[in-house]
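Participant: One-letter residues, chain by chain:
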Amino acid sequence: DQQVKQNSPSLSVQEGRISILNCDYTNSMFDYFLWYKKYPAEGPTFLISISSIKDKNEDGRFTVFLNKSAKHLSLHIVPSQPGDSAVYFCAASTSGTYKYIFGTGTRLKVLA
Amino acid sequence: DAGVIQSPRHEVTEMGQEVTLRCKPISGHNSLFWYRQTMMRGLELLIYFNNNVPIDDSGMPEDRFSAKMPNASFSTLKIQPSEPRDSAVYFCASSRSIGARAVTFGSGTRLTVV
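First to last, the sequence lines map onto chains C and V.
According to my numbering, numbering within the first sequence proceeds without interruption in unit steps and concludes at 112.
According to my numbering, numbering within the second sequence proceeds without interruption in unit steps and concludes at 226.
If we strip away everything but chain V, and leave its shape as in the complex, we get (with noise of 0.2 Å):
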């Protein structure tokens, strides 16, 4: 088992550039969660989707950000366009809706947004 993947592990940007931030989670997972951790906020919950339908996206900071889960295997955080106050680490991570209570994280995308 892999564990949860995503890509960039760093990203360094412009402001007003688009940011697309990668994820697969594990095989066999049908919940899947984007987290941003800060120094101040800690870890918040984004948003998070169930069989590739979004359930909760009051986390979503504002309009310029977007979540995609296309299919099971894949999903995308979009920032655009993007501001220095974005420069976090973003987490992804997976578990599965039955039978499992604790969520597996991946190594997530450091960004930085200059």
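Next comes chain C alone, as it looks inside the complex (with noise of 0.2 Å):
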């Protein structure tokens, strides 16, 4: 069972628009949530994170927005440049555990 979704497995945006990517969880003990970047050959790295006690967490071109009721967040990336072009995974965990769950992740093709 799939605790953390992403239900799209690719998105194609033009190069100067946004980037919207989705991410749902079924935990309700979650509260730390965390985005990571991935070329191909390369390692997850990661890109920005928040805290159930936010709603919302901006990093330059790179925001995360929390829905706790809705059990969903999102990272917009403002402008989308041909370099965020990778796969994008979001994970969550629970205070006191160092145990992160990981999305199947979405693609993302910026299209210059």
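These aren't lab readings, by the way, just hints derived from the structure by calculation.
Just so you know, these numbers come straight off a predicted model, no measurement behind them.
Treat the hints with caution; some may be incorrect.
A few chain C residues facing chain V, derived, Cβ under 10 Å [stated by the list, open to error]:
#: 1; residue: Q6
#: 2; residue: Y36
#: 3; residue: K38
#: 4; residue: E42
#: 5; residue: G43
#: 6; residue: T45
#: 7; residue: F46
#: 8; residue: F89
#: 9; residue: S93
#: 10; residue: Y100
#: 11; residue: I101
#: 12; residue: G103
With a cut-off of at most 30 Å between alpha-carbon atoms, the simulated DSS-like pairs for lysine-lysine come out as follows [as the list claims (entries may be wrong)]:
#: 13; chain 1: C; residue 1: K5; chain 2: C; residue 2: K56
#: 14; chain 1: C; residue 1: K37; chain 2: V; residue 2: K136
#: 15; chain 1: V; residue 1: K190; chain 2: C; residue 2: K37
#: 16; chain 1: V; residue 1: K180; chain 2: C; residue 2: K37
#: 17; chain 1: V; residue 1: K190; chain 2: C; residue 2: K5
#: 18; chain 1: C; residue 1: K99; chain 2: V; residue 2: K180
Beta carbons are placed, not taken as given, at the ideal position from N, Cα and C, and that holds for glycine.
Now that you have both chains on their own, put them together as the hints suggest.
Facilitator: Laid out in structure tokens, this is it:
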């Protein structure tokens, strides 16, 4: 049973436009959420995180939004750049553990 | 900082053979994780260690899989005997238990069992 779900396997966006990647979770005990970016033949790299006490966290072009009632989070990339083309994973964990549950990933392609 | 180091980068083996994947976590990190990436299931957590002790191995798919962490700087994931369905990319990751909430991944080992 997938506790963290990324229902869109792929997404294509024009350069300069907004990319929105979505993630849903089922476990209400999750209270810390992360996004990772993965290029081919490399390990995932940490991008941005958010704690459940917040509903928004921003870092440059990247913003993560958390809707706890809907058990939904999203990653916004504005403006999108060709170098953002990668697979994006969302992950969730529970306080007191360092067990991170990942989604299946969304492949973003930014078209020049 | 050399990051999380995994070896080998690629492994091709015949069905039935034993496979051992290796990981050196970042110095000072006391949590270590083994993940498997497949197209169907994404990144699955197989096992995680804290201070060299296995905390949760509920993700280990079968008894054919085993993992050890004999000291703070080394871990192995062993598959014996290997099967074609074990073909995947295996990632090792590490983190500090206190103060850090993101894990750092290695570059992965691509395993192909023929």
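Participant: Next step is simple, just say for each hint if it's right about the structure.
Facilitator: Comparing the hints with the structure gives:
1. Q6: holds, 8 Å
2. Y36: Holds - the Cβ of Y36/C comes within 10 Å of chain V, reaching about 8 Å at its closest.
3. K38: holds, 8 Å
4. E42: Hint on E42/C: holds, closest Cβ of chain V at ~6 Å, below 10 Å.
5. G43: holds, 3 Å
6. T45: holds, 7 Å
7. F46: holds, 4 Å
8. F89: holds, 6 Å
9. S93: holds, 7 Å
10. Y100: Y100/C check passes; min Cβ-Cβ to chain V is 6 Å, inside 10 Å.
11. I101: Hint holds; I101/C Cβ to chain V Cβ min 7 Å, cut 10 Å.
12. G103: holds, 6 Å
13. K5/C <-> K56/C: holds, 20 Å
14. K37/C <-> K136/V: holds, 22 Å
15. K190/V <-> K37/C: Holds, because 27 Å separates the two Cα atoms, which is no more than 30 Å.
16. K180/V <-> K37/C: holds, 28 Å
17. K190/V <-> K5/C: Since the Cα atoms of K190/V and K5/C sit roughly 29 Å apart, the hinted pair holds (cutoff 30 Å).
18. K99/C <-> K180/V: holds, 17 Å
Against the hints set out earlier in the document, no violation occurs for any number.
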